[in-house]
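Let's have the full structure, built from the sequences with the hints guiding it.
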Amino acid sequence: MRIRSTRRDFLKINATVLAGTAFGVCGTGRASATSSRNKYRIFSSGSIARLQLKNRLVRTAAAEGSSPEGRMNEAGRALYANLARGGVGLIITGHMVAARGGDAHANQTHIDDDQYLESVTQIADTIHTSAPDCRIVAQLS
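Going by the numbering used here, 850 is the number at position 75 of the sequence shown; the sequence numbering is gapless.
These are calculated hints, taken from the structure and not from any lab test. In this text, a Cβ means the ideal position worked out from N, Cα and C, and glycines have one as well. Misleading hints may appear alongside valid ones.
[What the hints assert, rightly or not] Derived SDA-like pairs: lysine to any residue, alpha-carbon spacing no greater than 20 Å straight-line:
hint, residue 1, residue 2
1, Lys-829, Ile-867
2, Lys-829, Ile-817
3, Lys-829, His-903
4, Lys-829, Pro-907
5, Lys-829, Phe-818
6, Lys-829, Asp-900
7, Lys-829, Asp-908
8, Lys-829, Ala-913
9, Lys-829, Ser-819
10, Lys-829, Arg-816
11, Lys-829, Gly-862
12, Lys-829, Glu-893
13, Lys-829, Arg-860
14, Lys-829, Gly-861
15, Lys-829, Ala-899
16, Lys-829, Thr-901
17, Lys-829, Thr-904
18, Lys-829, Leu-858
19, Lys-829, Ala-906
20, Lys-829, Leu-865
21, Lys-829, Asn-882
[To be verified] Pairwise CB distance ranges, derived in the manner of DEER restraints:
hint, residue 1, residue 2, range
22, Phe-818, Gln-890, 19 to 29 Å
23, His-903, Arg-825, 15 to 25 Å
24, Ser-820, Asp-887, 28 to 38 Å
Given below as structure tokens:
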């Protein structure tokens, strides 16, 4: 068995395994429910509407719970930096409070007032400093 030397190698190997599991790939590498022209290409570029993505690796929205007093702390920004450096093409943030009093739980990031603008800017800056071609979308709640 080959030792996986990088995160990208790990992702390539496991993405193929996951794609085979999720899409019913048979031994030939073709999706059993689709024609051979519709191969799963996780590392190819793509787009969602006009948002261009370097690949199809998406970190789905998941509450990170790293925002005491509504502002994301260093641990939360480090999480996003690691995702960006790891090669994710699109990061969807944990749900952010868009209306005053709309908190779903403690330590949720706020965007319901201009006082939180600097904190939200730091999140975007952290991601784009770590990987300029990584995109970010905020989940609102």
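Here is what the structure says about each hint:
1. Lys-829 to Ile-867: holds (15 Å)
2. Lys-829 to Ile-817: holds (10 Å)
3. Lys-829 to His-903: holds (13 Å)
4. Lys-829 to Pro-907: holds (11 Å)
5. Lys-829 to Phe-818: holds (8 Å)
6. Lys-829 to Asp-900: Since the Cα atoms of Lys-829 and Asp-900 sit roughly 18 Å apart, the hinted pair holds (cutoff 20 Å).
7. Lys-829 to Asp-908: holds (7 Å)
8. Lys-829 to Ala-913: holds (18 Å)
9. Lys-829 to Ser-819: Satisfied, since the Cα-Cα distance of roughly 7 Å is no more than 20 Å.
10. Lys-829 to Arg-816: holds (12 Å)
11. Lys-829 to Gly-862: holds (9 Å)
12. Lys-829 to Glu-893: violated (27 Å)
13. Lys-829 to Arg-860: holds (13 Å)
14. Lys-829 to Gly-861: Distance ~13 Å between Lys-829 and Gly-861 Cα, so the pair holds.
15. Lys-829 to Ala-899: holds (17 Å)
16. Lys-829 to Thr-901: holds (18 Å)
17. Lys-829 to Thr-904: Distance of about 16 Å is within 20 Å: holds.
18. Lys-829 to Leu-858: holds (14 Å)
19. Lys-829 to Ala-906: holds (11 Å)
20. Lys-829 to Leu-865: Within the cut-off at roughly 8 Å; holds.
21. Lys-829 to Asn-882: Distance ~31 Å between Lys-829 and Asn-882 Cα, so the pair is violated.
22. Phe-818 to Gln-890: 19 to 29 Å: At roughly 40 Å between Cβ atoms, Gln-890 and Phe-818 fall outside 19 to 29 Å, so the hint is violated.
23. His-903 to Arg-825: 15 to 25 Å: holds (18 Å)
24. Ser-820 to Asp-887: 28 to 38 Å: Check passed, 34 Å falls within 28 to 38 Å.
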